[in-house]
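Q: Each protein sequence line maps, in turn, to chains F and C. Mapping of the first sequence onto our numbering: position 4 corresponds to residue 4, and the numbering continues sequentially without gaps. Every position in the second sequence, counted from 1, becomes a number in our numbering once 405 is added.
Hints listed in this document are in silico derivations from the structure and should not be mistaken for laboratory results. Wrong hints could be hidden among the right ones.
Claimed, not checked - Under 7 Å between C-beta atoms, here's a sample of chain C residues computed to sit facing chain F:
hint	residue
1	A411
2	Q414
3	W425
4	L452
5	Q454
6	D478
7	I480
We treat Cβ as the ideally placed atom computed from N, Cα and C, and that holds for glycine.
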Amino acid sequence: MINIAKIKSDFPILQQKIYGKDLVYLDSGATTQKPVQVIEKIKQVYSEINSNIHRGVHLLSNKSTEEYENARKTVKEFINAKSTKEVIFTKGTTEAINLVAFSFGELFVNEADEILIAETEHHSNIVPWQMMCKRKKGKLKVIPAKENGEFDIEKFKALLNPKTKLVAVAHVSNSLGIINPIEEIIDEAHKFGAKVLIDGAQAVQHLKVNVQKLNCDFYAFSGHKIYAETGIGVLYGKEDILEKLPPYQGGGDMIKTVSFEKTEYADLPLKFEAGTANYVGAISMSEAIKYINNIGLSEIQKHETDLLNYATEKLSEIDGLKIIGKSKHKTSAISFTLKNIHHYDAGLILDKLGIAVRTGTHCAEPAMKHFGITGTIRASFAMYNTKEDVDKLIAGINKVKIMLS
Amino acid sequence: MTIQEAQNQIIEEFAMFDEWMDKYEYIIELGNNLEEFGEKNKTPSNLIQGCQSRVWLNGEMENGKIIFTADSDAIITKGIIALLVKILSNRTPEEVMNANLFFIEKIGLRENLSPTRANGLVSMIKNMKAYGLAFNSMIK
Chain F
1 MINIAKIKSD FPILQQKIYG KDLVYLDSGA TTQKPVQVIE KIKQVYSEIN
51 SNIHRGVHLL SNKSTEEYEN ARKTVKEFIN AKSTKEVIFT KGTTEAINLV
101 AFSFGELFVN EADEILIAET EHHSNIVPWQ MMCKRKKGKL KVIPAKENGE
151 FDIEKFKALL NPKTKLVAVA HVSNSLGIIN PIEEIIDEAH KFGAKVLIDG
201 AQAVQHLKVN VQKLNCDFYA FSGHKIYAET GIGVLYGKED ILEKLPPYQG
251 GGDMIKTVSF EKTEYADLPL KFEAGTANYV GAISMSEAIK YINNIGLSEI
301 QKHETDLLNY ATEKLSEIDG LKIIGKSKHK TSAISFTLKN IHHYDAGLIL
351 DKLGIAVRTG THCAEPAMKH FGITGTIRAS FAMYNTKEDV DKLIAGINKV
401 KIMLS
Chain C
406 MTIQEAQNQI IEEFAMFDEW MDKYEYIIEL GNNLEEFGEK NKTPSNLIQG
456 CQSRVWLNGE MENGKIIFTA DSDAIITKGI IALLVKILSN RTPEEVMNAN
506 LFFIEKIGLR ENLSPTRANG LVSMIKNMKA YGLAFNSMIK
């Protein structure tokens, strides 16, 4: 059994008061809090081994490099990549997607080629493709969502054709928490020779991801959403594809030799890691993954599913509350609206009660448009949340209703 | 009453409330009492779009002074707008242009001032000042 009290006590930020009230943090979809183990690790790196990696001949540089490359191994195992060559450290999910949009687009996308994305994507998985399509004269096509926000596999199949070069969809939608049927999406896309990028920003902290089993071509996620530092993320890519792709940015670690006539690029994965890598971030991510692994993702998932079900049930009892994006396949995020109450007003009042939720469009404007709304209130849970947190949210919403109606 | 004095009056009013709840309740009341904006004015050019709430703002010149009307889909935003209208409406373009708005922070609503996405309040002040600038150049 998972010990939530112990887990909660690992997160210093959750011990504090907000406006004199216990903090109820329900915005982990935006970023997760950090356990003391990760915070201590960062402190230790800066106090004991900090040194630039891959360059120095001295002891500290060697230690730092070793920890950075060990972090790569930890990530490789976490997602079950075939080799560490397939694990590229980036600034985050957004940079990972931009990397693919640039490098893959540069080589494989020609005029009138098509890129498919889902209607419920967040802006980070829309804008890079728009930019790429503009540059390469490709066509960006949107897979319409079902009425309830679920991925529509039939409409997707109808859009696939030999011109489809790449399909980019989220594993879990950030605004609705709905899990997309990515296995099927990947299989169907491959039938047409299209590559598939999965945006895993909202998935890896909740679900066990096995990139080899999924057979996706690219998988992207961020450290800060899995209990690690900000400014670090991962792009997984199949080695044979990454080998072919041109580098995304130039400079620093991504080169083998440079002369003014010709530059020879480094081997994978360094080819895609220009400049000084965020090695502290990578090490913090490794520590966060170890923390997750110690508890066990399946245990975490069980707890979060319990919370999701409990919250869904309790929220459904509130008069005038409407859950947006109802589906059986969800991770622990619930988006909802309140009748005649603006999400922004609700968010401000909840904040004063010490309850942190996200309000607005969640950087997924097309998804909001799909439902004909201007935004939602989103409560997103992580392993450190409890049923008590849900109860406080419910009480908070009732207070909001009294104040605003 | 000058812009400065109007702000001081609001600060004084808010100083009477100890509890955030009372402050918000007062703001909500102000929002509900804000003069009707009129659907016809809800044009795209009057819309200040933010990620959190939408704000409509219109300014018209009457007898050398700018009359502001505004609306929002969020009631707390609307209440704060009511305060802005109270302070900046019925002023000369020059007064609006040069207004130093210090009251929002003083009444403890700093969180409404987030420069990027929060609710367009910062853009709202910017837009009001832009009206001041535009009308000022027209009369010169």
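Q: State for each hint whether it applies.
A: Against the structure, the hints come out as follows:
| no. | hint | in the structure |
| --- | --- | --- |
| 1 | A411 | 24 Å, violated |
| 2 | Q414 | 24 Å, violated |
| 3 | W425 | 5 Å, holds |
| 4 | L452 | 12 Å, violated |
| 5 | Q454 | 10 Å, violated |
| 6 | D478 | 6 Å, holds |
| 7 | I480 | 5 Å, holds |
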